[in-house]
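From just these sequences and the hints, can you work out the full model?
Protein chains in written order, with this note's numbering: chain C, 1 to 285; chain X, 286 to 756.
For the record, the hints were derived by calculation from the structure and aren't laboratory data. Please note that the accuracy of each hint is not assured.
[Unchecked claim] Some chain C residues flagged as far from chain X (calculated, every beta-carbon gap over 10 Å): (1) 122; (2) 151; (3) 260.
[Claimed, not checked] Below, a list of computed lysine to aspartate or glutamate pairs in the EDC-like style, where the Cα atoms sit at most 20 Å apart: (4) C:232 x X:538; (5) C:126 x C:142; (6) X:557 x X:641; (7) X:487 x X:414; (8) X:644 x C:20; (9) C:29 x X:512; (10) C:194 x C:169; (11) C:206 x C:182; (12) C:232 x X:636; (13) C:91 x X:414; (14) X:574 x C:262; (15) C:91 x X:513; (16) X:500 x C:20.
[As the list claims (entries may be wrong)] Looking from chain C toward chain X, a few residues come up when the C-beta cut is under 7 Å (computed): (17) 40; (18) 41; (19) 66; (20) 67; (21) 68; (22) 70; (23) 84; (24) 221; (25) 255.
For glycine and all other residues, C-beta sits at the position ideal for the given N, C-alpha and C.
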Amino acid sequence: MNKIIFAEFIGPDTKMFRIDAPLIAAKQKPGQFIILRVSPEGERIPLTIADSDTKEGSITIIAQGIGKTTKELNNLNAGDYIQDLVGPLGKPSHIENFGTAVSIGGGVGTAIAYSTAKGLKHAGNKVISIIGGRSKEYVILEKEMRDIADEVIITTDDGSYGKKGFVTDSLKEIIDSGEKVDFVLAIGPIPMMKAVADVTRPYGIKTVVSLNPIMVDGTGMCGGCRAVVDDKTVFVCVDGPEFDAHKVDFRLLTQRNRIYNDQEKESVENHNCRMLKMADEVANG
Amino acid sequence: MAEITQAQRMKIQRHPMPEQDPKVRARNFKEVNFGYDEKTAIEEANRCIQCPKPNCVKGCPVNVKIPTFIQAIADGAFRDAAQILKQDNALPAVCGRVCPQEVQCEKVCILAKKGKPVAIGNLERFAADWERENIGVHPPHVGKKTGKKVAIVGGGPAGLSCAGDLISMGHDVTVFEALHTIGGVLMYGIPEFRLPKDIVQKEVESLMEAGVVFKPNMVIGLSTTIDELLQEYNAVFVGVGAGLPYFLNIPGENLNGVYSSNEYLTRVNLMKAYTFPSADTPIYDVAEKNVAVFGGGNTAMDAVRTSLRLGAKKAMIMYRRTEEEMPARKEEIHHAKEEGVEFNTLLAPLEFKGDERGKLNAVVLQKCELGEPDASGRRRPVPIDGAIVEIPIDVAVVAIGNGSNPIVSRTTPDLEVNKWGNIIVDETTMKTNKKGVFAGGDIVSGGATVILAMGAGRTAAKSIDEYLKSE
Ligand SMILES: Cc1cc2nc3c(=O)[nH]c(=O)nc-3n(C[C@H](O)[C@H](O)[C@H](O)COP(=O)(O)OP(=O)(O)OC[C@H]3O[C@@H](n4cnc5c(N)ncnc54)[C@H](O)[C@@H]3O)c2cc1C
Ligand SMILES: Cc1cc2nc3c(=O)[nH]c(=O)nc-3n(C[C@H](O)[C@H](O)[C@H](O)COP(=O)(O)OP(=O)(O)OC[C@H]3O[C@@H](n4cnc5c(N)ncnc54)[C@H](O)[C@@H]3O)c2cc1C
Ligand code: SF4
Ligand code: SF4
Ligand code: FES
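Right, dumping it as structure tokens:
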């Protein structure tokens, strides 16, 4: 059991947690993740370690409530406990001084990109951060990114904050402005990552994405997280999660992430039912 | 009980294991076998003629004192029987259920010549169950503390038996386990209907009572490394199992609906997907669907029988060779057939096909015939020219074995492994090339059996003890 030290919503359905986990904090490197279970009957879900504080012995994770487990997690607060927490898992990001690096985060992907962007800065890169969101409320970690990046660009789909448009528009602008981009890190929804890969491919810019398949153990034991990169099957939890964006089979990733769609809907409905019932009981009790 | 004569003994028939009706059990997850009652156990024990030079003991990989524990059962001294078993076998309730007795102890029992060996496995299970149900699992005796500390990596049968022996030798023992539950394959692989999870957890609890410390959620190699453990512990035992699923490497293997047996069984057993949505982890909807399981071992039988219990319309085994070559326990094959599993042999998969949404809907298979024996002495399946069939299926489970998980070896580069990634040890001491590091179980032997893994854990405990004394 790991204690939540701090918890706060930083965007719609998006919550930041600092969790007591000194061993993981001491070991963690950018790009790695943990797997947690919220309750004894809970599912094991992967979340990126956005940051760590070795003094406090804590790690930071940021979760977007999209299904049963992430919503349950986002109901927890400081003082509550996480049932199980294991990590750090996966290979750390490959970080070196590339020159100019553009870090692109879409939605909660900004949280996943943050620690790698920070690592890139430490390694001496000029870091340009593009933060994308559907609208103003979905733009997260702006302050944190401003603290580490040389430049921060914000885009929203509806233009309610920053530039109107997609992250790829801003990326193209940077490239077209003559800035020599040596490295791109893109993390967010699968269509966004694919779009970024398509933009950088003709320029031959090294581009890395972090894949988010459904996982169980996170140790290479089940093969459920398999993806195809460079026409070869990989286990994302041990061989990744970061891969060369130009070689990833995004269609397959999308398809495999839909495996349980019908069942997940049932799970959330069931959860909502239980909540309604509980509310009823409280009201009538 | 009055003395019975040898002639009378020879007349007693082997007692079948009472079990759930096949039609009923094929749709529930409760244990298939009920176990003997006291009267049946005594009668079965009376069949043993107490050979002065018992073959059975030699047939058991850990040399359980079989005639002695059976005599105790015949005398009604059930508690003694359990104690005798535990001198050689840390988990008799488990081995009585899952050992391949027909190729070990029972194969060489003198009565096997007449076709019906003493039901050693059933009696072993009886004694262990009796102890657990009537007086509780006895924690191992704890020896005088030596002040030495040992780290065990992996909470499967190899690690647990090593931990049990080391704590009785007086050492401090900590078990590090990657998953959130202790037990290894006994928890995530072998299904509830064959090995109730409560039984495994009772054994783990008894080790806890004896003072073994368990640290779940620790992936050694990532959470901390073997070298770091060596700074804090006097010795390390590595029993991480064979946890890397093999796939068939054929087209369509990444379609939705194609699983490794590890994932399929883990979702159902460890994560309790069969109670979904009450437990949160889902499994592909198998109800009223056609499921094909590729393989012929225990894992394949577990997966195919699990499919029936999840409501499959048709649950099929697809095997390259014939039933004779299947490595599964005979009882599992027999049970699977009784429950309605369809056995298809001499078929090798060529390709999985799917619909436009990426859902599996068929498998293309090559028909084979048996040719010359291969290196393993089994006759090799040879494709029959042009004999190709396509069968509609919705779920496929690939159960063709496991390789060794690379996390430990990758992060401990000076630990010697062979080309398959198995850790190399001196087989009499379980010592690796690295000072203070021992290893055993599936990570050394490749996928084997529970009893062999436990035997290895036990041998390692003995040599760790010697090592700590000489240190
Ligand atoms: C290495 C890795 C790092 C991740 N880091 C973060 C992070 O830092 N913050 C964060 O909010 N999320 C992160 N994710 C995604 C997160 O794990 C999923 O959102 C979570 O598992 C969903 O669980 P659920 O029960 O809430 O939703 P479910 O009910 O399981 O799913 C709801 C919907 O999401 C889809 N889905 C299921 N699993 C995933 C998945 N793994 N990725 C994307 N969509 C999925 C389903 O198809 C379904 O439509 C990461 C995933 C991986 C593999
Ligand atoms: C489905 C199935 C059915 C089977 N049926 C039978 C049967 O009927 N009879 C029989 O005798 N045998 C059977 N076997 C084989 C038997 O279960 C194994 O041979 C036995 O469990 C091996 O024991 P072990 O301790 O070496 O490894 P495991 O049982 O595999 O345990 C290893 C443990 O180490 C953990 N681990 C792995 N890596 C790390 C790490 N880096 N850090 C920390 N922990 C780690 C794993 O999570 C696991 O808990 C079956 C196997 C399977 C898969
Ligand atoms: S441990 Fe296995 S092989 Fe040995 S006596 Fe018991 S059932 Fe037989
Ligand atoms: S070989 Fe058979 S009959 Fe002889 S002692 Fe062993 S179990 Fe009894
Ligand atoms: S999550 Fe099981 S192998 Fe990656």
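Hints, one by one, checked against the model:
no. : hint          : in the structure
1   : 122           : holds, 22 Å
2   : 151           : holds, 34 Å
3   : 260           : violated, 4 Å
4   : C:232 x X:538 : holds, 12 Å
5   : C:126 x C:142 : holds, 17 Å
6   : X:557 x X:641 : violated, 30 Å
7   : X:487 x X:414 : holds, 11 Å
8   : X:644 x C:20  : violated, 41 Å
9   : C:29 x X:512  : holds, 19 Å
10  : C:194 x C:169 : holds, 14 Å
11  : C:206 x C:182 : holds, 7 Å
12  : C:232 x X:636 : holds, 16 Å
13  : C:91 x X:414  : violated, 45 Å
14  : X:574 x C:262 : holds, 16 Å
15  : C:91 x X:513  : holds, 19 Å
16  : X:500 x C:20  : holds, 16 Å
17  : 40            : violated, 9 Å
18  : 41            : holds, 5 Å
19  : 66            : violated, 14 Å
20  : 67            : violated, 9 Å
21  : 68            : holds, 6 Å
22  : 70            : violated, 11 Å
23  : 84            : holds, 4 Å
24  : 221           : holds, 4 Å
25  : 255           : holds, 4 Å
Violated hints, in rising order: 3, 6, 8, 13, 17, 19, 20, 22; the structure is consistent with all others.
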